[in-house]
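Novice: Chain residues, written in single-letter form:
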Amino acid sequence: MAEAGVMQRDRSGVPRALAVAASLLAAAAAGMVFYIYGAADGIGPIDILRAALIFLSTWWLAWGAATALLGLTSRQLAPVARVAGRPRGRTVVIVPVYNEDPQVTFARIAAMDDSLRAADAAIPVDFAILSDTRDDRIAVQERLWFARLLARQQGEGRMFYRRRERNTGRKAGNIEEFVTASGAAWDYAVILDADSLMEGATIHEMIRRIEADPRLGLLQTLPKVVRARSVFGRAMQFAAGFHSPVFARGLAAMQGQTGPFWGHNAIVRLRAWAECCGLPELPGKAPFGGHILSHDYVEAALLARGGWTVRLDDDLQGSYEEGPENIIDHAKRDRRWCQGNLQHSKLLAAPGLKLWSRFVFFQGIFAYVAPLIWLGFIAASIAAVFTATAPDYFPQENWPFPVFPYDQTAKAVGLAVGVFGLLVMPKLLVVLDAVATGRARGFGGAGAAFGSVLWELVLSSLIAPVLLAFQSRSVVQVLSGRDGGWPANNRGDGGLRMAEAWAGGRWISLWGLAGLAATWALAPALLIWLMPVTLPMVLAPLLIWWTSRPAGPAAFLVPEDGAMPPVLSRHDAVLAAWAHSDAEVQVA
Amino acid sequence: MTMQMPIVAGRTAEAGDSMAPPLAPLHMPKQVLTAAPGALRCRMAALVAFVRPGRHRPG
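Protein chains in written order, with the numbering used here: chain A, 1 to 588; chain B, 1001 to 1059.
Heads up, a few of these hints could be off.
To be verified - In silico lysine-lysine, DSS-like type, Cα no more than 25 Å apart, as pairs: (1) A:Lys285 <-> B:Lys1030; (2) A:Lys332 <-> A:Lys354; (3) A:Lys427 <-> A:Lys354; (4) A:Lys354 <-> B:Lys1030; (5) A:Lys346 <-> B:Lys1030; (6) A:Lys332 <-> A:Lys285.
It should be emphasised that the hints constitute simulated quantities derived from the structure, not laboratory data.
Isolated chain A, as found in the complex (with noise of 0.2 Å):
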């Protein structure tokens, strides 16, 4: 029976036009700003150009600032509906591996097994590990620490494993195999990631809830980032676990019934998922055709066109994820992210997906055609310098005094703190609502906090244009039909050499040299604008070695340094006592 507090009623419907309108307003008003701006001297196709282009990008940063403040304005729900006492049905846990390193990713299963017996014993939850390795070395080091996981778990009828021969499909291909041989055994699965954790309380509390709500057949809960070491990690880290809950709560609040799903971390319903999700092809060859790369987006598309609930619950804790520790690994994932995405066009016109589902499509596009539209911007003033037209100070004839132009610098000036305001805004927003609620303590209180979100600014600043380029150059391989397939994750401390960075960077170097040559050239007066852009993008090399250097435990502070989560500390003990065992297992 389920508790107090029952389904919750779709109230996104004010969130959503609050945050459409704000966003296309300011959009609209930095558009007509600069068309005022370039109209001092005269209309011209460049002139409309860019302020075309001024609109989406203001509308792209306004987007996100909107988002945020939903998440600072929005009052907490009602409390969920989950079920009182021993949840009824079967769970399984799934951990989709690929080449991973088995003595840490079966270590992971491990500590959540035990949080799951500590938590409550009284609740089965299954583990089945489903195994894409390609790497018949790792093949059998993931048979060895099975058999270890087995032996230390008493896993014997409850702990499953297997091996694809071919991984048709990747991700989504290894889950739907499992699901159409074996998904009958239980009702729900909770979808990890190879480097997941999850405490199991929390996993207890998603089944109680996803079994309270029988028309739910996702939930997402939000992971944070554990276990960082690097500047860039520790940077990424703090971001997500001080920024994103807040932009977490705008997005619940606008998801109604088509919440996000991002892959992992999430409890789904199996009946709800093998009638929704089985993915097709798509037509076409690679990199738009073929088989779908971000195949989450698509799933809780899909889930919510079968009339099924995906719903973020962003109050769920105990919920991880570690992440990339260097720039060129973030970017080789983004690569992969960025195919996915694009890929996503062929499914704006799908039949019968919600049109939020459609506009959450259009968004992860739009995320990556942003930084190509910030340089269609710059090419497009420095192309603005050649069409610019010379003052007339006598326009009129027989007027003998001179008319001088109407000094536009106040504008400009005006659009650009503007612009800046919508990135920084709501960044200090949250540390000012972090101060007032007392989430701060948890980042070191206060003064440290505030620090670390100045810090992080800086270097977000410092490192976008290198990021910029990265993605640019991820769409223009996707748009010329270039495949960049899905390769394997690089775990481990991430600290690159100097010459590491040096050939994963010196292109944008490069290309950093010849936009400020190409500035000096052609419109010096814009030099200075460009700098901003055009120096990191010089040093890149020299702040991707610097930014996956170790950051000292002591930057950018996070709850989880002070206070190690129970589940990283049985990972922790059990990853040492493996490494200590002399015991071997023997597969004769």
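Use these hints to put chain B onto chain A, whose structure you have.
Specialist: Just chain B now, kept in the frame of chain A:
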């Protein structure tokens, strides 16, 4: 096709071993994600018919 490679500590894996996930099939049909040929034209035609004043609309 799935290559079942279940293992049990201390002995050779055998077909049907309990370490492989249980056999419990669930039907998972492929979803339709692309519009049928002509569907887009039909939708556009319906939209045009709706917005254009014609014989079927009053006034």
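Novice: Each hint: holds or not?
Specialist: Consistency of the hints with the structure:
1. Restraint check for A:Lys285 and B:Lys1030: satisfied, since their Cα atoms lie roughly 19 Å apart, inside the 25 Å limit.
2. Our distance criterion of 25 Å between C-alpha atoms is broken by A:Lys332 and A:Lys354, whose separation comes to about 31 Å.
3. Of the pairs offered as hints, the one joining A:Lys427 and A:Lys354 is violated, with about 31 Å between alpha carbons and a cut-off of 25 Å exceeded.
4. Between A:Lys354 and B:Lys1030 the alpha-carbon distance is near 19 Å, which keeps this suggested pair within the 25 Å criterion.
5. Of the supplied pair hints, the one linking A:Lys346 and B:Lys1030 holds, its CA atoms being roughly 17 Å apart against a limit of 25 Å.
6. Restraint check: the Cα-Cα separation between A:Lys332 and A:Lys285 comes to about 21 Å, which is no more than 25 Å; the hinted pair holds.
Hint violations for this structure: numbers 2, 3, all remaining hints satisfied.
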